Amino acid sequence: MKSALSILTVIAALIGLWYAACVPMNIHEAAIQAQRAGQEVTPAEAPERRKMGRIALAVKNPGLWRTVYEQDRPQLPAPHQVGAELWKTTWGMVERGRAFSKRSLILHGWITLSATLLGFAFGTLLGIVLAVSIVHSRAMDMSVMPWIIASQTVPILAIAPMIVVVLASLSVDDLIAKGVISMYLSFFPVVVGMVKGLRSPDAMQMDQMKTWSASRAQTFWKLRLPSSAPYLFASLKVGVAASLIGAVVAELSLSQDGGLGARLLAGSYYGQTVQIWSALLGAATLAAVLVWAIGLAQGMTLRRMGFQR
Amino acid sequence: MNGWVIGSLVFWILAWAVNARLSPSSDRWVRLFVPTLFGITVLVLWEGMVRGFGINPVLLPAPSAIATTFAGEIPTLWTDLVQTFFKGALSGYVIGCGAAVLVAIAVDRSPFLQRGLLPVGNFVAALPIVGMAPILVMWFGFDWHSKAAVVVVMVFFPMLVNTVEGLQASEAMQRDLMRTYAASYWQGLMKLRLPAAMPFIFNGLKICTTLALIGAIVAEFFGSPIKGMGFRISTEVGRLALDMVWSEIAVAAIVGSAFYGAVALAERWVTFWHPSQRRG
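Taken in sequence, the protein lines are chains A and B. If you count by the working numbering, then the first sequence holds residues 632 to 940, one letter each, in order. If you count by the working numbering, then the second sequence holds residues 11 to 290, one letter each, in order.
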């Protein structure tokens, strides 16, 4: 309860900061518009205004502060403008019966979600397979593990356009091309977490399996795999967030298919800042929902396995 | 023609046999040799497959072709590196991580703010912040300032969360000892809590090295002057000059690993007392 209050305070402070930042960010444009409408602006000359700092201009024209929140293409849209755009492109579209039209964020969110989930599934599978072979083969551990760690210092997001082009020329489906990029980002946390998890049974437990003359397979299924579950879920949460980032960036290169990344790109081409921010908040919501869903699955699974009360 | 394929496959099997035989040893040179041999195997397989199957260089250039381009284009690669890494990524990294540590120290005095900031920070750290790139490019212009801004935003929250957690890492007993010494807040911070937080801070710094490079490169996709690694990658992909793209990737990988290694080295030097740094 107490922490809920402090979280709300922090969020309120962030939103307050956002509203405050809107004034200096948008003041130049507001001054131009006010002057066109015939209002008094100090200083009256446009070149002089351009030379002034944003904050100085904002202090000199307190009368303009209200108009900075009502622009069509503000430098920094206010939270309520972004909220209105989000509402218009999601529920507003559903109400008009066009939930899956090209202008609806639901459609774009769905495109991103499908690429994210595909990449996440690939990445989790690859991660688990790698982790199992690393735990069981010392040669794998010594030769592959350093390269897996090094692979993450390669900024894959930068290579995304090339992977997309190459896979497209091999006439691989676009969805799979996006999935591959998501996979590259999401397999790493799974490998690291699973290796840790599969090695988490202590010497006593391993000895116990030996006393029962359990085979390697039996040790794996009955001891190693169950005890890795908490580690797996922790890394799945990181993995799904990384996978979403991969999907959004892949969509920058495959923007003809739509998706939240494509909305970002289109918004930046046409200066539609409100659209950029709403796509960004849409992606944030998607990330929150995905992480929350995995948290839910984590709670249910671990409780049934007896890790939690 | 398929001598290349068979040859590289044979090399793979031999190398794997050597690694499997060597791996039970825990000698220091063996630990270095085994991954190196694996890396060479991957390169040999790659070269063999590309030559053996006659793969179009537009799809996948051979390592030897990439190495030739790399050697021939070093001046270009260097200007791109300076623009993207030294100007964009590094300045953003320093500003972002520095600001995050300062904010964490400020927040640390109020448990109320801490409780609120940690979940929010954790949430923001999981968001696709790269998406902020088009907005920041719009605000700060096409040159490296906007790239630094993207990096600042990307590294800030992971760093903040790690530092806040680290500042809580000292034990109650140790803090009590500082009180018995009548240490002031600043003395307690400088002599106990910041040093105790160092393993966490370095964990954040290491995570942020990769984020910084990614942020600087991706931000260039949204607009840049005619130099920079992200600019080069996106234009050369358009020209289908993939050997140049791979050279840029090699630069990114080398710089990324070196950056990470430098931070890890600094960590070893600063937190020599931590159990994870003990050797032998």
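Calculated directly from the structure, the hints in this document are not laboratory data. Some hints here could point you the wrong way.
[What the hints assert, rightly or not] Listed next, with one range per pair, are the computed distances between beta-carbon atoms: (1) B/SER194 x A/GLY694: 43 to 51 angstroms; (2) B/ILE105 x A/LYS633: 27 to 35 angstroms; (3) A/LEU856 x B/TRP26: 42 to 50 angstroms.
Note that the structure is a prediction, hence the values are computed from the model and not measured. Just so you know, even glycine gets a beta-carbon here, dropped at the ideal spot from N, CA and C.
Right, here's what the structure says about each hint:
no. : hint                                    : in the structure
1   : B/SER194 x A/GLY694: 43 to 51 angstroms : holds (48 angstroms)
2   : B/ILE105 x A/LYS633: 27 to 35 angstroms : holds (34 angstroms)
3   : A/LEU856 x B/TRP26: 42 to 50 angstroms  : violated (26 angstroms)
In the structure shown, a violation is registered for the earlier hint numbered 3 alone.
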